[in-house]
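Asker: Chain L: place on chain G using the hints.
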Amino acid sequence: MKFLKLKRLFWAAVAVLALGVPSIHAADISLLNVSYDPTREFYKEYNQAFAKHWKELKGDTVTIRQSHGGSGAQARSVIDGLDADVVTLALAYDVDAIAEKAHAIDPNWQKRLTHNSAPYTSTIVFLVRKGNPKGIKDWDDLAKADVKVITPNPKTSGGARWNHLAAWGYGLEKYGSEDKAREFVSKIYANVPVLDSGARGATNTFVQRGLGDVLIAWENEAILSIKELGPDKFDIVVPSISILAEPSVSIVDKNVEKKGTKEVATAYLEYLYSKEGQRIAAKNYYRPTDPEIIKESEANFPKLKLFTIDAVFNGWGEAQKKHFADGGEFDKIFASIKR
Amino acid sequence: MKWQFRKPSVLPGFGLTLGFSLTYVTLLVLIPLGGLLLYTTKLSWSEFGAVILDPRVLASFKLSFGASLIAAVINLFFGLIVAWTLARYNFFGKKIVDALVDLPFALPTAVAGIALAAIFAQSGWIGRLLDPLGIQIAYSRAGVVVALVFIGLPFVVRTVQPVIEEFEKEFEEAATSLGASWLQTFTKVILPSLMPALLTGFALSFARALGEYGSIIFISSNMPFVSEIVPLIIVTKLSQFDYVGATAVGTVMLFATFVILFLINAIQIYSREKSL
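Heads up: the protein sequence lines correspond to chains G and L, in order. Letter by letter, the first sequence follows residues 108 to 446 of the numbering used here. Letter by letter, the second sequence follows residues 53 to 328 of the numbering used here.
FYI, nobody ran anything at the bench for these hints, they're computed from the structure. Using N, Cα and C, we set each Cβ at its ideal position, and we do this for glycine too. A couple of the hints might just be wrong.
Among the chain L residues that face chain G by a calculated CB cut under 8 Å, a handful are [unchecked claim]:
id: 1; residue: T92
id: 2; residue: S96
id: 3; residue: P107
id: 4; residue: A169
id: 5; residue: A173
id: 6; residue: W177
id: 7; residue: R193
id: 8; residue: F223
id: 9; residue: A232
id: 10; residue: I269
id: 11; residue: M275
id: 12; residue: V287
id: 13; residue: L290
id: 14; residue: S291
id: 15; residue: F293
Okay, chain G solo, but in the shape it has when bound (with noise of 0.2 Å):
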C-alpha cells in the first residue's frame, strides 16, 4: 500500500500548506448549516456577513449551505447522517436527540457556548385580523367560544410546542394548578380548527387561506407577515406574558471532525454572538441577546413578562415526556375534546 501512504502524505503536505500560509493558500470550505423553517431570511443574510468576516480573518472562502424544514425532521436527517456541520434548530430538545439517538454531538453541547447555546431568542405572539375585530387581548381571549384559533401541530413542529408551553404557563400563572392549567388549553384547542404540521403551513394557512381569528407564532413569523403582506391586513397583539424560546445552536462534532471543519464552524457560530451577528439577528426579528444591540434595537420588541422553560417545566427533556410523548397531555387533551 504504498502509494495510499504517498498519497496520504500528499494531502497532509496541501494541509499544511493550507492551513500554515492562509494569506497565500487560501481554501475553499463549505460548511451545511441545518436549521428550521423560519430562519430562511435571516441566515441567507448571516452567512454573506460571516463568509466576508471569515475571508478578512482568514483569507479563506466560505460558503455555507442552508437546508430548512421542520425543526424535528431536521433533527432526524442528521441523525439519520446527513453531514451537518452546525444545527441551528427550534429548540433544544431536538438537538438533544441528535447527541442521544446518534451520538454525534457532545451531550454538554448547552453548556459550550452562552446563554445556553441560543445566541438569539424568541417568544410566542398573536397575529389577528387587522382591527383586531374579536378584541383580542390576551391568552384567556384564545379560550373563548366562538374565536377560532390556527396554531400547528406541537408533536410534528417545535414551533408549536413553544405555543403550547407558552399557553400551559399563562394558564398555571393565572389559574395556581395543573388541573386548571391543562383545562384552560383544552379551550384553546378546542378552538382549533386545522392543525398544521409546521409553523410555515399554520402561517399559510392564516394569512392565505383566510382561516382563523388568530395564528399563535413566533414573534418573529409574525412580524415578518405583516412586513411581507402589507400592516394594512394583519396586526399584532402581545399577550401579558409569554415563554422566552430559546432556538439552540451547536456544531454536530462528529460531521466537523470527520470534515476538519471544526474550527470554522465553532467561529460561525461563535460569530452570532458578535455585534455584526446580533444585529443581523435583530433585523430579522429575532430578540437579540447582546445588551448593546439590545438597546439598539429596543423599538421593535415589546416589553412582556418573559418566563423560561427551565424555570416552568424544569428544561426540555421533562417538557416533552409529559406534554408531547405518545399519551400525554397533548394526546390526552385531544381524547378528551374529541369532536
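Answerer: The following block gives chain L in isolation, referenced to the frame of chain G:
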C-alpha cells in the same frame, strides 16, 4: 387444467428473464419491506398491541381505509363513465380531455393538495358557494375524500378504457336484436366483460389512496381522532424519533393492504373465469 411451473412459450429466455424479475423484485420491494418487518420485531407483542390499539391510531386506520374505499367507489363509477365516453364517442377536444385524465399521475401531489384546499376553502371559488349551504369540504374528512378521488381517477380510466375500446359492438347489437333492453344489455353483456378491468382499476385506485400523504395534509385539518390519516401518524411518530412505533403502524398498513389487494385479485380471477 394441469398445473405447470413453466408454461411453454415460443420465445426463449425463460430462465434468464425469471431470474432477472425475481432479483429485481427482491431488491426493490422485498428487501425494504423485509427491513420494515425486521424493525418491527424490536417490539414485544404487548408493545406492538399498545401502539396499534391506541385509540388515536385506530381512528386514523378507520379514516384511511374508509376514505380510500369511498374514493375508490366514486372513482369506479365516474371513471367508468369517463372511460366509456373517451372510448366510444368522438367529440371536439377529446384529445385534451384524454390528456387531462393523466394529469393527476404527473402532478406533484402537494401541488394538488394546495390547489384543492385553495378552491374548497371557505374563501375559495367552490368553497364560497358551498359555505352558505353549511357544506365544508376543505379541512374536514370530506376534503380527504376529494383529494383521494382526484389522485385515483386515472387508475380506473386507464385500466377500463382499452377494454371498452376492444369490446366488440356486435355483442351489444346482437343483444339488442334479440330483444334485450338497454339495461339488460348493460348489466348482462357489457358489465361482465368489463368487470376484471373495473376491479383492477378499483384496486389500484384504492391502494394508491391508502398511501397518499402529500395532498391530504394540505386539505385535511389533520385533527387527531377526526381527520388524521395513517401516513400522518407515521410521520408524526418519526418526528418524535419513535422509529419502532412508526414501523409497527407501517407493518399493519402493509398487511392490511396486502390482504385487501389479494382478495380483490381473487374476486377478479373468479369473475374472469365466470365470464369466459
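Asker: Looking back at the numbered hints, which does the structure fail to meet, lowest number first?
Answerer: Hint check: 1, 2, 6, 7, 8 and 9 fail, others pass.
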